[in-house]
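Using the sequences and the hints, build the whole thing.
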Amino acid sequence: MYCLFYERGWQLLKKNGHLCYITSNKWMRAGYGEKTRDFFANNTNPQLLIDFSGVKIFESATVDTNILLFSKATNEQHTVCAITNKQNKDSVKELSVFVQQHHSVCSFTASDSWVILSEIEQSIKRKIEAVGTPLKDWNINIYRGVLTGYNKAFIISTEKRNEILENCQTEDERKRTEELIRPILRGRDIKRYGYDWAGLWLINT
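Be aware that the sequence shown starts at 66, since it is given in the numbering used here, and climbs by one per residue.
To be clear, the hints were calculated from the coordinates, so they are not data collected in a lab. Do not take every clue at face value.
Here are the simulated lysine-lysine pairs, BS3-like style, with alpha carbons at most 25 Å apart [as the list claims (entries may be wrong)]: (1) Lys217 to Lys240; (2) Lys201 to Lys190; (3) Lys100 to Lys137; (4) Lys91 to Lys121; (5) Lys201 to Lys100; (6) Lys91 to Lys151.
Across the chosen pairs, the derived CB separations fall in these ranges [unchecked claim]: (7) Ile122 to Asn206: 35 to 41 Å; (8) Asn269 to Gly119: 32 to 38 Å; (9) Gly214 to Ser118: 31 to 37 Å; (10) Val196 to Asn108: 28 to 34 Å; (11) Glu72 to Ser169: 24 to 30 Å; (12) Pro199 to Leu78: 32 to 38 Å; (13) Lys100 to Ile193: 22 to 28 Å; (14) Lys100 to Asn206: 20 to 26 Å; (15) Ser169 to Arg209: 31 to 37 Å; (16) Ser183 to Arg239: 52 to 58 Å; (17) Arg239 to Ile189: 45 to 51 Å; (18) Gln112 to Lys151: 21 to 27 Å.
Cβ atoms here follow ideal geometry from the backbone N, Cα and C, with glycine treated the same way.
Quick look at the structure:
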């Protein structure tokens, strides 16, 4: 719905006029926001973008928000951007000061996700994109992982696994049972450069 307000606001602007809204920030990265990002990149000059990124602005709303200021002009590819810090309450209370001290300049020229990065992060991102292939261009299907239907029954601790194996009557039964109980990693166990296994096992029947 708010995407329509952006478009209507742009229609009502005179040339070089300015518009500033606070809305949900989902359009910045979500798939459904692709056309909105493309519209901004090709029809406006985005001048200021503040992503509140988890900081609750409205008491009665749980939605994550952003502030976008643009003019009805050619995109100069020079957007002052900032992400507020939910660990630092002053980042919202003294918003103008925070933006002045912690902003970066971004160039948004396409419908790709609008990600606010520092100059160093932007440089690293460009290098990675220059030598790598985006996941969307790989001929693969990515799914969310194992769905047990009832984790309490199918995901067990190491202690419970050992108990099950000890109760096996024969060595053959033990080997077959070992094949059915496999180590599992949850999403929270995956770290940036590795993993922290929580000692959990999946009954893979």
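Now for the hints, and whether the structure bears them out:
no.	hint	result
1	Lys217 to Lys240	holds, 24 Å
2	Lys201 to Lys190	holds, 16 Å
3	Lys100 to Lys137	holds, 17 Å
4	Lys91 to Lys121	holds, 15 Å
5	Lys201 to Lys100	holds, 18 Å
6	Lys91 to Lys151	holds, 18 Å
7	Ile122 to Asn206: 35 to 41 Å	holds, 38 Å
8	Asn269 to Gly119: 32 to 38 Å	holds, 36 Å
9	Gly214 to Ser118: 31 to 37 Å	holds, 34 Å
10	Val196 to Asn108: 28 to 34 Å	holds, 33 Å
11	Glu72 to Ser169: 24 to 30 Å	holds, 27 Å
12	Pro199 to Leu78: 32 to 38 Å	holds, 34 Å
13	Lys100 to Ile193: 22 to 28 Å	holds, 26 Å
14	Lys100 to Asn206: 20 to 26 Å	holds, 25 Å
15	Ser169 to Arg209: 31 to 37 Å	holds, 33 Å
16	Ser183 to Arg239: 52 to 58 Å	holds, 55 Å
17	Arg239 to Ile189: 45 to 51 Å	holds, 50 Å
18	Gln112 to Lys151: 21 to 27 Å	holds, 25 Å
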